[in-house]
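These protein sequence lines are chains A and B, in that order.
Numbering-wise, my numbering comes out as the position in the first sequence, counting from 1, plus 2.
Numbering-wise, my numbering comes out as the position in the second sequence, counting from 1, plus 306.
Do not rely on the hints blindly, as some may be mistaken.
[Unchecked claim] As a list, the in silico DSS-like pairs of lysine-lysine whose alpha-carbon atoms are at most 30 Å apart: (1) A:Lys-22 <-> B:Lys-418; (2) A:Lys-16 <-> A:Lys-57; (3) B:Lys-411 <-> A:Lys-57; (4) A:Lys-66 <-> A:Lys-22; (5) B:Lys-374 <-> B:Lys-362; (6) B:Lys-374 <-> B:Lys-414; (7) A:Lys-22 <-> A:Lys-57; (8) B:Lys-362 <-> B:Lys-383; (9) B:Lys-411 <-> A:Lys-66; (10) A:Lys-16 <-> B:Lys-362; (11) B:Lys-366 <-> A:Lys-43; (12) A:Lys-43 <-> B:Lys-362; (13) B:Lys-411 <-> A:Lys-68; (14) B:Lys-383 <-> B:Lys-414; (15) B:Lys-418 <-> A:Lys-43; (16) B:Lys-411 <-> A:Lys-43; (17) B:Lys-418 <-> B:Lys-383; (18) B:Lys-362 <-> B:Lys-411; (19) B:Lys-418 <-> B:Lys-374; (20) A:Lys-43 <-> B:Lys-383; (21) B:Lys-383 <-> B:Lys-411; (22) B:Lys-414 <-> A:Lys-43.
Hints were generated in silico from the structure; no laboratory data involved.
All values derive from a computational prediction rather than experimental measurement.
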Amino acid sequence: GAVVSQHPSWVICKSGTSVKIECRSLDFQATTMFWYRQFPKQSLMLMATSNEGSKATYEQGVEKDKFLINHASLTLSTLTVTSAHPEDSSFYICSAQRGGSYNEQFFGPGTRLTVL
Amino acid sequence: GNSVTQMEGPVTLSEEAFLTINCTYTATGYPSLFWYVQYPGEGLQLLLKATKADDKGSNKGFEATYRKETTSFHLEKGSVQVSDSAVYFCALITRGSQGNLIFGKGTKLSVKP
Chain A
3 GAVVSQHPSW
13 VICKSGTSVK
23 IECRSLDFQA
33 TTMFWYRQFP
43 KQSLMLMATS
53 NEGSKATYEQ
63 GVEKDKFLIN
73 HASLTLSTLT
83 VTSAHPEDSS
93 FYICSAQRGG
103 SYNEQFFGPG
113 TRLTVL
Chain B
307 GNSVTQMEGP
317 VTLSEEAFLT
327 INCTYTATGY
337 PSLFWYVQYP
347 GEGLQLLLKA
357 TKADDKGSNK
367 GFEATYRKET
377 TSFHLEKGSV
387 QVSDSAVYFC
397 ALITRGSQGN
407 LIFGKGTKLS
417 VKP
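This is chain A alone, in the form it adopts within the complex:
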């Protein structure tokens, strides 16, 4: 099956620092990757859609200068939370899509970010 990994699985950082989260498709090439944020007992909220070699498309209300997304290759997308603050603490999940828009998305296990 298709496997998506995320690294790190959890991270604790100080307020004001930047944190980078990696999302990799291990055994397939992903034309599109998605980044979601999940609050406790709430749904996954789409933050941005990332296509290889082009700028990410951000959802309304998501600050693109704060959440930097780079989709450098067909197997790697990164999310950098810049100048993190406690309110950025959350569970971040990526997914990778193989092929067209109705093809299945494969999800990573998520990254728990805690900002002190």
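Given the structure of chain A, go ahead and fit chain B onto it with the hints provided.
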């Protein structure tokens, strides 16, 4: 706008009980509908899907039927097992999108032996 509403959890059942998790949606056009499952400590996995009205998705004993007239996609299983304990998410993709999934809030299921 497009949205998914699913029943609040947690749901606690005894092994071999019948399971229903309700899901209704609001969407323009004819979306594709999905159920995802998230086992403890793991990423979301596609459980089943349906792409048009009256389609029935099924997998691992779970079923859901795409009901256009009631805009619903309820998840059912006739006899749950302890290993089915997980969080279940109903989701949709609308045509013309890039494949952006819109999720419900998730329903946590606990099955007791």
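Okay, the hints, checked on the actual structure:
{"no.": "1", "hint": "A:Lys-22 <-> B:Lys-418", "in the structure": "violated (39 Å)"}
{"no.": "2", "hint": "A:Lys-16 <-> A:Lys-57", "in the structure": "holds (28 Å)"}
{"no.": "3", "hint": "B:Lys-411 <-> A:Lys-57", "in the structure": "holds (29 Å)"}
{"no.": "4", "hint": "A:Lys-66 <-> A:Lys-22", "in the structure": "holds (14 Å)"}
{"no.": "5", "hint": "B:Lys-374 <-> B:Lys-362", "in the structure": "holds (12 Å)"}
{"no.": "6", "hint": "B:Lys-374 <-> B:Lys-414", "in the structure": "holds (26 Å)"}
{"no.": "7", "hint": "A:Lys-22 <-> A:Lys-57", "in the structure": "holds (17 Å)"}
{"no.": "8", "hint": "B:Lys-362 <-> B:Lys-383", "in the structure": "holds (13 Å)"}
{"no.": "9", "hint": "B:Lys-411 <-> A:Lys-66", "in the structure": "holds (25 Å)"}
{"no.": "10", "hint": "A:Lys-16 <-> B:Lys-362", "in the structure": "violated (49 Å)"}
{"no.": "11", "hint": "B:Lys-366 <-> A:Lys-43", "in the structure": "holds (25 Å)"}
{"no.": "12", "hint": "A:Lys-43 <-> B:Lys-362", "in the structure": "holds (28 Å)"}
{"no.": "13", "hint": "B:Lys-411 <-> A:Lys-68", "in the structure": "holds (25 Å)"}
{"no.": "14", "hint": "B:Lys-383 <-> B:Lys-414", "in the structure": "holds (15 Å)"}
{"no.": "15", "hint": "B:Lys-418 <-> A:Lys-43", "in the structure": "holds (21 Å)"}
{"no.": "16", "hint": "B:Lys-411 <-> A:Lys-43", "in the structure": "holds (7 Å)"}
{"no.": "17", "hint": "B:Lys-418 <-> B:Lys-383", "in the structure": "holds (15 Å)"}
{"no.": "18", "hint": "B:Lys-362 <-> B:Lys-411", "in the structure": "holds (22 Å)"}
{"no.": "19", "hint": "B:Lys-418 <-> B:Lys-374", "in the structure": "violated (34 Å)"}
{"no.": "20", "hint": "A:Lys-43 <-> B:Lys-383", "in the structure": "holds (23 Å)"}
{"no.": "21", "hint": "B:Lys-383 <-> B:Lys-411", "in the structure": "holds (20 Å)"}
{"no.": "22", "hint": "B:Lys-414 <-> A:Lys-43", "in the structure": "holds (9 Å)"}
Hint check: violations occur at hints 1, 10 and 19; the rest are consistent with the structure.
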